[in-house]
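Starting from the known structure of chain X, fit chain L onto it as the hints suggest.
Number of protein chains: 2
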Amino acid sequence: MSQTYDQLIAHQQKLSAVHATMGLLGWDQETMMPPGGLVYRGEQLAQVASIAHELATSPRIAEWLAECESDIDLISDPTSGSAVNLREIRRDYDRNTKLPAELVAEVARVTSAAKAAWQQARKADDFGMFEPHLQKVIDLNIAQAECYGWAEDGEAWDALAEGYEAGMNAAYVQGVFGPLRQRLVAFTNELLDNGAAPSAKLNDIKLPIDAQMRYVRMVSEQIGFDYSRGRLDVAAHPFCGGTHCHDVRLTTRFHEDMLTDALGSTMHEAGHGMYEQGLPADKIGQPAGDAVGLSIHESQSRLWENHVGRSRGFWQWAGPKLGEYFGDAVAGAGGDDAYAACNVVQRSLIRVEADEVTYHLHILIRFELERLMARGELGAADVPEAWNSRYHDYLGVEVPGPAAGCMQDIHWSMGSIGYFPTYTLGSLYAAQFYETACNQLGDVDAMFARGEFTPLRRWLNENIHALGKTYRSEALCEHVTGSKLSADPFMRHVEGKLRPLYGL
Amino acid sequence: MSQTYDQLIAHQQKLSAVHATMGLLGWDQETMMPPGGLVYRGEQLAQVASIAHELATSPRIAEWLAECESDIDLISDPTSGSAVNLREIRRDYDRNTKLPAELVAEVARVTSAAKAAWQQARKADDFGMFEPHLQKVIDLNIAQAECYGWAEDGEAWDALAEGYEAGMNAAYVQGVFGPLRQRLVAFTNELLDNGAAPSAKLNDIKLPIDAQMRYVRMVSEQIGFDYSRGRLDVAAHPFCGGTHCHDVRLTTRFHEDMLTDALGSTMHEAGHGMYEQGLPADKIGQPAGDAVGLSIHESQSRLWENHVGRSRGFWQWAGPKLGEYFGDAVAGAGGDDAYAACNVVQRSLIRVEADEVTYHLHILIRFELERLMARGELGAADVPEAWNSRYHDYLGVEVPGPAAGCMQDIHWSMGSIGYFPTYTLGSLYAAQFYETACNQLGDVDAMFARGEFTPLRRWLNENIHALGKTYRSEALCEHVTGSKLSADPFMRHVEGKLRPLYGL
Chain X
16 MSQTYDQLIA
26 HQQKLSAVHA
36 TMGLLGWDQE
46 TMMPPGGLVY
56 RGEQLAQVAS
66 IAHELATSPR
76 IAEWLAECES
86 DIDLISDPTS
96 GSAVNLREIR
106 RDYDRNTKLP
116 AELVAEVARV
126 TSAAKAAWQQ
136 ARKADDFGMF
146 EPHLQKVIDL
156 NIAQAECYGW
166 AEDGEAWDAL
176 AEGYEAGMNA
186 AYVQGVFGPL
196 RQRLVAFTNE
206 LLDNGAAPSA
216 KLNDIKLPID
226 AQMRYVRMVS
236 EQIGFDYSRG
246 RLDVAAHPFC
256 GGTHCHDVRL
266 TTRFHEDMLT
276 DALGSTMHEA
286 GHGMYEQGLP
296 ADKIGQPAGD
306 AVGLSIHESQ
316 SRLWENHVGR
326 SRGFWQWAGP
336 KLGEYFGDAV
346 AGAGGDDAYA
356 ACNVVQRSLI
366 RVEADEVTYH
376 LHILIRFELE
386 RLMARGELGA
396 ADVPEAWNSR
406 YHDYLGVEVP
416 GPAAGCMQDI
426 HWSMGSIGYF
436 PTYTLGSLYA
446 AQFYETACNQ
456 LGDVDAMFAR
466 GEFTPLRRWL
476 NENIHALGKT
486 YRSEALCEHV
496 TGSKLSADPF
506 MRHVEGKLRP
516 LYGL
Chain L
16 MSQTYDQLIA
26 HQQKLSAVHA
36 TMGLLGWDQE
46 TMMPPGGLVY
56 RGEQLAQVAS
66 IAHELATSPR
76 IAEWLAECES
86 DIDLISDPTS
96 GSAVNLREIR
106 RDYDRNTKLP
116 AELVAEVARV
126 TSAAKAAWQQ
136 ARKADDFGMF
146 EPHLQKVIDL
156 NIAQAECYGW
166 AEDGEAWDAL
176 AEGYEAGMNA
186 AYVQGVFGPL
196 RQRLVAFTNE
206 LLDNGAAPSA
216 KLNDIKLPID
226 AQMRYVRMVS
236 EQIGFDYSRG
246 RLDVAAHPFC
256 GGTHCHDVRL
266 TTRFHEDMLT
276 DALGSTMHEA
286 GHGMYEQGLP
296 ADKIGQPAGD
306 AVGLSIHESQ
316 SRLWENHVGR
326 SRGFWQWAGP
336 KLGEYFGDAV
346 AGAGGDDAYA
356 ACNVVQRSLI
366 RVEADEVTYH
376 LHILIRFELE
386 RLMARGELGA
396 ADVPEAWNSR
406 YHDYLGVEVP
416 GPAAGCMQDI
426 HWSMGSIGYF
436 PTYTLGSLYA
446 AQFYETACNQ
456 LGDVDAMFAR
466 GEFTPLRRWL
476 NENIHALGKT
486 YRSEALCEHV
496 TGSKLSADPF
506 MRHVEGKLRP
516 LYGL
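As given, the protein sequences belong to chains X and L, one line each in that order. In this text, residue positions in the first sequence follow the numbering used here: the first is 16, and each later residue adds one. In this text, residue positions in the second sequence follow the numbering used here: the first is 16, and each later residue adds one.
Next comes chain X alone, as it looks inside the complex (with noise of 0.2 Å):
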């Protein structure tokens, strides 16, 4: 290698222990931080914020970069190390240097005073507090998408999508999407208008808290995550954090009822969790040692959440752990009922409680509406009049009010457009890569009946969390299941789950 390659990832690496420590700052944050430290902590997280964009957009890497770019030796094979770490870098550095500091500075500001004003108005459930500060969300968006420019054949969207995805673009999506949209509509209707739901009536029940946290905590090791490089915590909204494959930090939460909430949050972070720790050690501070990006992340949290977690087999081998680890409160429920309260299907307001099935209408929803604030044809004041027919037509419901409506999510007050459709790939990528475990493994569901995880995180391990970001998200999932994202494997996913379930 170089010594002016060498110099670029030495550089690399520094940037990545800043975003490590970030990253530690934030875990600590909404874990370990006494209220009064938030004084500070903004501050703090911004001179760290500062460095790391210094070092980000130093004009010597461009000088590395082009120096190397023209080093046969380090390009010619592009699943090398040292050619995926050239081309991440490169886009990494040109899209930081695309954005001029004053642009940067107001959408801090913006952001800032938004998610403040997000608060107050989802609290007073009061669309008219919020929608000046969004109005000005979705202009410094189109100003950034500006900035950063798209394809001809494509649109602003796609501008503010790359952010979170390396290659999303919205005709893209909407190629997947469409299709997957009537398909949902259909089979919720069907689900509902003649089938006959599961019982819930597990999650009516109280269980300790503390009873709780062990049978998760049990949960999660078994099936794989490795709590000698990792940690689980509460908090309010749960994540994964933490700072490099050897610290992982997974974070849930608890009702004293929904025990499956507890659980199906547990399995989710660890199926984050279980990814950064199987990336590769040897590249730690490297782009080629990442993840390949936000879709592929969610598809291994999906994966464990929905594929294991909500199996006949995992609950063939976690059901009678219930009366071990809750005794009498547990009042005798088992397996059966836990597999019938987690694949419970309705129709309903809020995104994050919503069920595997009707989930990825609300991220169409979202998806749609983005697509046009970033084309400038939808303005804030029109937001909730789309949202709510949206709602009426594609999930059957009617919106009370915009709390329960277009503000009960988190991320445009952040300034985030572009972000949800990451969702959805996540659980597309997740049925096709299960679909093909399922095919070379032979019958995992008997295997997760013993207990036996192990064969599925390997096989993960080993075919998409080693190869850190070799391949960019579609690449990946050709170069892993042979074919390109459709959503035919997860329709036949819940369809063969649900429909038998529903006594169809």
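Hints are computed from structural coordinates only; laboratory data are not their basis. Treat the hints with caution; some may be incorrect.
[Claimed, not checked] Only pairs whose alpha carbons sit at most 25 Å apart, straight line, appear in this in silico SDA-like list of lysine to any residue: (1) 29/L with 472/X; (2) 298/L with 41/X; (3) 298/X with 472/X; (4) 298/L with 37/X; (5) 130/X with 50/X; (6) 29/L with 67/X; (7) 29/L with 121/X; (8) 29/L with 298/X; (9) 29/X with 49/L; (10) 499/X with 516/X.
[What the hints assert, rightly or not] Some but not every residue of chain X turned toward chain L, in silico, with C-beta under 8 Å: (11) 52; (12) 66; (13) 246; (14) 345.
Ideal placement from N, C-alpha and C gives every residue a C-beta, glycine not left out.
Leaving out everything else, chain L in the frame of chain X:
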């Protein structure tokens, strides 16, 4: 204020945010990090430290300083925030830029190896394994001292000690420690030869760790540590960490027996913590808002640990609560038993287990040896003999081997020569501050007996904490007490308390 000054302070606040972040990484490593995290944490800390070093040695600081130091508005009042900031930034900048980068890197390499070797050698009780490393540490300290330089009437040790306490030098320390040694030896002999030792039986009782945690937390809250801006966790070697005055993290440790050890440790760290919480919040990130230095910091921890936590008044309040927290387990022991148990004096081998009196003989020995090391008059090979003969002469104990002798402390393996005296100076400052507080506040012992610690904490807040770094240690002592530092208040304190306890 001039624009140049504002730029200098903004730069300093960025540096301070990085230091605060390193503080949090350090705290996390000792309390929360999963064991596997260690693999990369050292690298992460080194990267962040290198960013801090770049910021601290930026040539722009020299330019800004030169301009500000000739601005009469900024420096006319030496106790103004601007004058204090300029004084301290100048001191740090000059010191930080004096070591060549190769020497800094060599120190990092040598101390990393020395620390590992020390751990092995101490376990094996084999000085030979550590000796070559200690010799390198001594040689590198001498090389560093030569880079830093020292006053014409000073010596090499001064240049090293300056790194731990601004203005500390061997002649000054010797002037205080010389007479102290004779008085300590004489007083120890008086107590142990003629007195009757109080009973330590309370510390034989085994008490549940969770009840101990509740008890020491209650005490730390009552004496004034603010948990809305702080935490208390467990660590193998207790310390006070965190990031700034709004977020202070105490740690403590527990044994099943030895309640007074856990309590003393907690009150000690809470003393550090209350100092941090009392620093001027409007000067976060500026030197003027920082603690004075290690000696004054130690004065605050030892004041609460020894002058409060080992007083009769304190135990008149805390004693009756023993039954409340420990029930029958405490076997009817009360305040008198605790007061006795935490005031036993004995000749011993291990510094960190030593009592309030003999502790300082341990420190004096280390200071004498370090002074010789820095002069090049004591090589590593001769350290055990020099150590053992002083333990025989001053403490009257025979050292059985190096693990319980000259290898008991981590400091030298970490490259720290010149640190130890700050512990004893801290005790002397504590006694002198405390005597002044008693003169001004009246019968504080009676207040303690009623659980009233606020008057003392407020007095410390107003007279010491809120001043930040306005005065250096010696000047602060004169400002607060009206006198130069002396060993007299400390000797009055221990003699006045222990003679009656020993029936003398």
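>> Hint by hint, where does the structure go against what was stated? Just the numbers, ascending.
In response: Of the numbered hints given earlier, those the structure breaks are 1, 8, 10, 14, listed in rising order.
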